[in-house]
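K.L.:
Chains as they are written, first to last, in this note's numbering: chain A, 1 to 87; chain B, 1001 to 1247.
Hints are supplied without guarantee of correctness; some may be wrong.
BS3-like, lysine-lysine: derived pairs with alpha carbons at most 27 Å apart [claimed, not checked]:
1) B/K1169 / B/K1184
2) A/K52 / B/K1160
3) A/K16 / A/K52
4) A/K10 / B/K1160
5) A/K52 / A/K10
6) B/K1203 / B/K1108
If you anchor each label on the Cβ, the simulated ranges turn out as follows [stated by the list, open to error]:
7) B/S1172 / A/G20: 43 to 53 Å
8) B/D1199 / A/K16: 49 to 59 Å
9) B/E1008 / A/S66: 33 to 43 Å
10) B/N1212 / A/M38: 16 to 26 Å
11) A/V86 / B/D1170: 55 to 65 Å
Simulated from the structure, these hints should not be mistaken for lab results.
Please read these numbers as outputs of a predicted model, since none were measured by experiment.
For every residue, glycine included, the Cβ atom is placed at its ideal position computed from N, Cα and C.
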Amino acid sequence: MCTYLTETIKIAGSGKGSAGWFAVSDASVYFDHPVHAMAEHTLNIDFRNPGKGPDARVAVELTYESARELVRAIEATLGSVPPGLVA
Amino acid sequence: MNEALSAETISIAGHNGDEIEAYLAQPTGSEQFGSVVVIHHMPGYDPETKEIVRKFAAHGYAALMPNLYHREAPGASSDDAAAVARARGGVPDDRLVGDVAGAVSSLKALPGANGKVGVIGYCSGGRQSFLSACSLELDAAVDCYGACVVYPPPEGLGLKFTPVAGLAKDLSCPVLGLFGADDKLPSPEETAELSKILDDLGKPHEFHTYDNTGHSFFSVDRPAYRVAAANDGWEKIWDFFGRYLAG
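Please build the complete structure, drawing on both the sequences and the hints.
P.N.:
So this is what it looks like as structure tokens:
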């Protein structure tokens, strides 16, 4: 199936693409057919800066298990941030 | 069939006269040929779908694929353009029909064109192929696993697609449907419902659903590729277009 499912969010930070570092302002998150990964469906994330054009994009395609593990790792990392480092 | 062809990127007048990029392949050495508009899948105007365009030319048809994401990302790579289009919710239906109409006009203007034009679409393009056949005067249409033709998209997906089966009374040509039994969008229930709608309207169609096959089974570069279904599907396409477009 083609899920078409897409979450789009505003973000702040930077990413490194084919032309070097750039500020990222948007992210698309979707579970669908990948372009490159060898899986029928993957969790795909596009970190983008639409103002800089379509190629201002850092893309990842992760297997379902990898994406779950990434979420766990991010939560664990953010959960261990010492008090006072974030507002 | 000598399989000689030429292929190139051209500009065509799409919806509202917008100039958009398109990929054209046509047989060389044929005095007359039928034509096919190829509607790319949601991942975009990619090298693999251009290969499909050339395959039609090798089989004696002129084929033209408009870049449906050209406006969002002119000159961008196909995957970057698809990412932009996805983030914006996809291609509006009226713009799609206008772009296909422009492709039809361009094909009919080719020296050697016999005036017959069909359409084929994959994935989201399957639905768009059906929509085009309900909106334009065409000679044949192929829907390869297009979802949301009958049923609305599942809630929560944030999709802008709306069902188009309500337009079936205006269907201008026979339809060939090629689907996977393991697909969820479209499900076998949805394609059976579409077949019943067309039966009730007396609209000629033939649907084939392949066992042990899911979505996107024509995609040779993806794990979803199913060689048996794809090979049989291509035979069905050659037979179908041979009846309605050739000569």
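K.L.:
Could you tell me which of the hints above the structure violates, numbers in ascending order?
P.N.:
none
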